[in-house]
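Peer 1: Each chain, written out:
There are 2 protein chains.
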Amino acid sequence: MSILIKNISYLDIENEKIVDNIDILIEGNVFKKIGTNLNMCADKIIDGNNMLATPGFINSHTHLGMSYFRNYADDLSLMDWLQTKIWPIEDKLNDDDIYWSSVLSLIENIKSGVTTVCDMYCSMEKVADATILLGIRGVLTRGLTDFDGKGKQRLLELDELYNKYNNAGNGRIKIVPGPHAIYTCSTEYLKEISKLAKEKYDNIINIHLSETITEIEDSKKQHNLTPIEYISSIGLLENHVIAAHCVHITDEEIELIKGKDFYPVYNPSSNLKLASGFTPIDKLLKNKITVGIGTDGDSSNNNQDILEEIHIGGIVNKAIEMNEKVVPAIEMLKMATINGATSLGLKNLGVIKEGFLADLNIFNLDSNSFTPRNNLISALVYSAKSSDIQTVICNGKIVMEDQKILSVNEKDIRNIIQTRWEEIQKR
Amino acid sequence: MSILIKNISYLDIENEKIVDNIDILIEGNVFKKIGTNLNMCADKIIDGNNMLATPGFINSHTHLGMSYFRNYADDLSLMDWLQTKIWPIEDKLNDDDIYWSSVLSLIENIKSGVTTVCDMYCSMEKVADATILLGIRGVLTRGLTDFDGKGKQRLLELDELYNKYNNAGNGRIKIVPGPHAIYTCSTEYLKEISKLAKEKYDNIINIHLSETITEIEDSKKQHNLTPIEYISSIGLLENHVIAAHCVHITDEEIELIKGKDFYPVYNPSSNLKLASGFTPIDKLLKNKITVGIGTDGDSSNNNQDILEEIHIGGIVNKAIEMNEKVVPAIEMLKMATINGATSLGLKNLGVIKEGFLADLNIFNLDSNSFTPRNNLISALVYSAKSSDIQTVICNGKIVMEDQKILSVNEKDIRNIIQTRWEEIQKR
Chain Z
49 MSILIKNISY LDIENEKIVD NIDILIEGNV FKKIGTNLNM CADKIIDGNN MLATPGFINS
109 HTHLGMSYFR NYADDLSLMD WLQTKIWPIE DKLNDDDIYW SSVLSLIENI KSGVTTVCDM
169 YCSMEKVADA TILLGIRGVL TRGLTDFDGK GKQRLLELDE LYNKYNNAGN GRIKIVPGPH
229 AIYTCSTEYL KEISKLAKEK YDNIINIHLS ETITEIEDSK KQHNLTPIEY ISSIGLLENH
289 VIAAHCVHIT DEEIELIKGK DFYPVYNPSS NLKLASGFTP IDKLLKNKIT VGIGTDGDSS
349 NNNQDILEEI HIGGIVNKAI EMNEKVVPAI EMLKMATING ATSLGLKNLG VIKEGFLADL
409 NIFNLDSNSF TPRNNLISAL VYSAKSSDIQ TVICNGKIVM EDQKILSVNE KDIRNIIQTR
469 WEEIQKR
Chain A
49 MSILIKNISY LDIENEKIVD NIDILIEGNV FKKIGTNLNM CADKIIDGNN MLATPGFINS
109 HTHLGMSYFR NYADDLSLMD WLQTKIWPIE DKLNDDDIYW SSVLSLIENI KSGVTTVCDM
169 YCSMEKVADA TILLGIRGVL TRGLTDFDGK GKQRLLELDE LYNKYNNAGN GRIKIVPGPH
229 AIYTCSTEYL KEISKLAKEK YDNIINIHLS ETITEIEDSK KQHNLTPIEY ISSIGLLENH
289 VIAAHCVHIT DEEIELIKGK DFYPVYNPSS NLKLASGFTP IDKLLKNKIT VGIGTDGDSS
349 NNNQDILEEI HIGGIVNKAI EMNEKVVPAI EMLKMATING ATSLGLKNLG VIKEGFLADL
409 NIFNLDSNSF TPRNNLISAL VYSAKSSDIQ TVICNGKIVM EDQKILSVNE KDIRNIIQTR
469 WEEIQKR
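Quick note, the sequences are listed as chains Z and A, same order. The first sequence begins at 49 in our numbering and counts up by one. The second sequence begins at 49 in our numbering and counts up by one.
Certain hints may be false.
For identical chains, the list gives no copy identity; a pair is met inside one copy or between any two copies.
As the list claims (entries may be wrong) - Simulated crosslink set (DSBU-like; lysine-lysine; CA at most 30 Å straight-line):
| hint | residue 1 | residue 2 |
| --- | --- | --- |
| 1 | K133 | K373 |
| 2 | K395 | K243 |
| 3 | K269 | K395 |
| 4 | K92 | K459 |
| 5 | K212 | K373 |
To be clear, the hints were calculated from the coordinates, so they are not data collected in a lab. Only a predicted model underlies this, so the values are computations on that prediction, with no experimental measurement involved.
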């Protein structure tokens with residue numbers, strides 16, 4: 049299968065600029081040729097006139113299985129929210145519930161231009177099936193905890209998941225361990241996971257870290273160390289760490305992670321809505337830390353729109369620093385593309401470039417968001433909406449065309465979720 | 049003309065709840081009857097099944113004429129932005145440029161459910177023409193400044209504007225004076241405007257206030273008073289004051305405005321993006337101050353989507369206060385409806401209620417944002433998108449139907465804006 053996109057403008061994220069009137073040839077699952085006036089044949093031609101291509105976006109932190117909890121419990125204190133609302137109902141979810149929720153979440157991701165998700169949840173075989181079906185990439189991480197004595201069992205499940213799904217979907221699925229957090233995993237368990245990651249999982253782990261003040265205080269009480277100091281003390285900074293949140297990262301911790309394979313993932317909506325705090329993105333960038341960006345799950349966000357995260361993250365940091373020049377638009381786009389790929393340990397991804405994996409979005413510039421035509425990098429961050437995205441390509445295949453998801457019927461999926469949710473609540 | 053909406057859910061904003069299976073009869077420009085199983089005739093029947101009605105939203109602060117500057121100058125320091133970018137190009141705009149920009153801005157407003165805008169700019173006759181054409185309400189305020197010696201002339205223009213347009217468009221247009229800010233109007237000029245407002249303009253003035261740290265510092269230097277202390281000292285708190293921004297409002301100032309007709313208008317995106325700061329909404333609400341909400345102009349936002357403001361304003365205040373319970377969803381909706389109406393001095397508006405003016409939005413609940421069906425008040429604030437809005441009614445007339453603006457061809461307007469903008473830059 050080959051696709052030739054004619055006369056499009058595209059975001060050259062490496063060189064931080066927009067390039068106009070370019071032809072992009074996709075062959076197999078890679079960008080084969082990018083240039084002007086390509087006289088080449090292709091199975092499908094897309095007219096790129098008045099369109100803008102970006103790399104497919106990378107959602108570096110989410111929980112696809114949580115669709116049911118969208119708008120279910122908001123404006124509550126964290127413990128109320130977890131104890132009286134989320135945990136009791138989460139207990140009732142079965143594998144198929146999580147499958148269908150993942151399908152809906154993936155639809156939302158694709159509609160906002162996401163072609164790679166990094167997910168942490170349970171029933172991950174079902175999440176993998178959904179990701180394969182919807183046609184995008186997944187760095188899928190079995191959530192690991194041992195506070196209930198079931199730590200070993202979860203590691204076995206991870207092993208099975210890896211054997212069955214790693215590299216599945218034509219290489220789109222990558223399985224890595226996801227120790228949930230320092231407060232749900234014992235030190236020994238974290239060390240065991242760290243070792244496993246080195247042996248088998250490209251050294252990668254995915255963890256929630258430094259999300260709330262409570263977590264920081266508990267870590268200090270228990271370990272006499274802040275969370276990142278603690279994971280450093282037990283050797284986890286020798287891993288490639290995808291670290292969701294890092295809201296309360298300190299200057300000392302930044303010194304610790306410099307030069308390491310440690311990648312904070314920014315979740316602006318979730319951090320704001322759950323009153324976790326303001327992640328110091330400008331400080332991280334000034335210290336040359338590579339940052340990814342994520343939506344988090346529907347229970348805290350309450351949607352899966354990565355463009356909203358790019359937008360909100362971009363503007364809120366200017367107010368944090370009281371400086372309108374910090375965290376410029378291009379940095380937000382890098383988080384969702386080239387830096388997201390690095391964060392997740394994915395090679396040849398996140399850039400529209402010959403030889404790179406062919407993940408790409410096509411925005412329709414004939415929309416109010418892009419009128420009049422000014423700085424398109426600003427437009428993508430400050431005014432674009434997911435409804436401006438026309439077409440999404442992942443691994444060389446079209447997954448959304450003219451705003452229509454090709455793999456499933458969106459309306460059917462909504463009906464399934466509604467029916468299941470009514471049933472789940474009666475269990 | 050009468051419209052009967054059958055079997056709809058609606059937001060009863062006064063009682064802070066959603067009511068299901070209701071029929072709403074609109075006759076002329078008011079809600080005539082709201083109840084169950086209304087057996088009445090109407091010129092048009094709308095099936096409200098799987099739909100949610102909200103009051104038409106009220107955008108209490110914008111500059112419709114600034115569409116051209118969307119994505120034109122971002123990530124710059126305020127003075128750079130104004131001096132090298134916005135002011136020089138703004139000088140080149142003519143009346144017709146502002147007319148067409150206003151048309152585009154009004155389209156965007158309507159598409160996000162706005163049925164009332166409060167605008168401050170120049171060439172206000174053109175803004176009024178556009179507002180009348182698009183079919184929504186405008187509280188239109190001639191921007192008044194006298195730093196250049198042209199203060200008197202602008203008051204004459206205000207007078208002409210009032211005579212020609214006040215109550216135009218079947219009562220949809222209201223003209224009030226808009227002293228731009230305390231740093232662009234002399235004390236004498238502000239006093240004169242205050243007096244005029246009492247005599248002729250229902251006592252209303254619309255002003256930018258306490259937006260930036262610089263404004264506060266300059267006010268202290270010049271008057272030895274903070275901005276609100278200063279306007280109080282010269283009698284402006286005897287007016288009905290629509291006060292855009294109030295980012296840096298102090299506890300002492302809150303005491304000053306309590307019980308007065310003083311209405312801060314929150315502009316979350318603009319305040320964040322221009323690094324103005326974090327408006328203390330929770331504190332204002334706790335002090336029972338009635339707050340409106342606005343998009344500000346396209347040069348600072350960069351769009352006219354009030355739902356985005358409701359969303360961003362809602363979540364950011366939780367992080368400011370480090371408390372996930374503050375500024376609950378319903379408060380954000382009140383800002384954009386019932387409290388917006390009060391802020392602008394508009395009676396019988398902002399509530400779906402018999403006898404009130406028939407301004408109403410219909411959201412399509414068959415969308416991902418509302419799936420599964422949980423708390424619809426949360427959904428409107430945290431997950432809904434403007435693309436979920438199907439129909440918008442203002443003053444008893446449909447202005448958008450099935451997502452189509454009825455008064456103009458949207459694509460034509462975009463083309464006009466693009467052509468004019470290219471021409472403006474060559475002047």
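Peer 1: State whether the alpha carbon distance between K92 and K459 is at most 30 Å within one copy, between copies, both, or neither.
Peer 2: both (27 Å within a copy, 27 Å between copies)
Peer 1: Is it within, between, both, or neither for K133 and K373, if the alpha carbons may be no more than 30 Å apart?
Peer 2: between (41 Å within a copy, 15 Å between copies)
Peer 1: Checking K212 and K373: alpha-carbon separation at most 30 Å within a copy, between copies, both or neither?
Peer 2: Neither way: K212 and K373 sit 47 Å apart in one copy and 43 Å across, limit 30 Å.
Peer 1: Which holds for K395 with K243 at a C-alpha limit of 30 Å: within a copy, between copies, both or neither?
Peer 2: within (23 Å within a copy, 68 Å between copies)
Peer 1: I want to check one pair: K269 and K395. Are their C-alpha atoms no more than 30 Å apart within a copy, between two copies, both, or neither?
Peer 2: So K269 and K395 fail the 30 Å test inside a copy (39 Å) and across (57 Å) alike.
Figure legend: structure checked against the earlier numbered hints; hints not met, in rising order: 3, 5.
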